[in-house]
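Throughout, the numbering used here is defined as the position within the sequence shown, counted from one, plus 95.
Hints are computed from structural coordinates only; laboratory data are not their basis.
None of these values were measured; they are calculated from a predicted model.
Heads up, some of the hints might be wrong.
Stated by the list, open to error - Pairwise CB distance ranges (calculated):
(1) G124 with C184: 15 to 25 Å
(2) T210 with G263: 19 to 29 Å
(3) A154 with E222: 47 to 57 Å
(4) G107 with Q211: 20 to 30 Å
(5) L218 with R160: 32 to 42 Å
(6) G264 with A154: 35 to 45 Å
(7) G172 with D118: 33 to 43 Å
Using N, Cα and C, we set each Cβ at its ideal position, and we do this for glycine too.
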Amino acid sequence: MHKNSYQLRLAGMTYSCAFREADTARYFGVFCRPQPSEQPQRGMEILAAEEREMDELAARRPAGRSLACLEYEVLTGKASAQLLRHGACIVHGAAFVWRGKAYLFTAPSGTGKTTQFLLWNRLFSDEIAVINGDKPIIRCHADGTVRVHPSPWMGKEQMGSLRTAPLGGIIYLQ
């Protein structure tokens, strides 16, 4: 077994990951656990950053940004491509549960998604709970339901939980 082999759990699906950097797993937190056997389970899809891609990023990485952090960011795109094959996608937005449904604020970076969530949290503090503050996963399930799931990509505020809920709406902020 590769010493940096892990299982990554996203939106109810498990992926095998082979991290290039030993510290990458810590960025994935509770979504990641060591691979339990020599080989990934049959049919399990594999996520891995390509050597060439990581070498190019390493050559021009910003000061203070670790290779493990870069690998974590690269794997966002890799995971997104795999999730799309299963009716799911990573969305840039702040997701929360309110009155039993998941809502998502989405907008370009810097527009105020987190600020809007914090305002709602102030108004409805007893009724609201965060799902993910930056990149939640929306998945269309086989039973026809659309659910919002957490992800390890929680943004600079690191707002997230393990909650999931049926989609109630998507609010685009301008």
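May I ask which of the numbered hints given earlier this structure violates, with the numbers listed in increasing order?
Checked against the structure, the only hint that fails is number 7, while the rest are satisfied.
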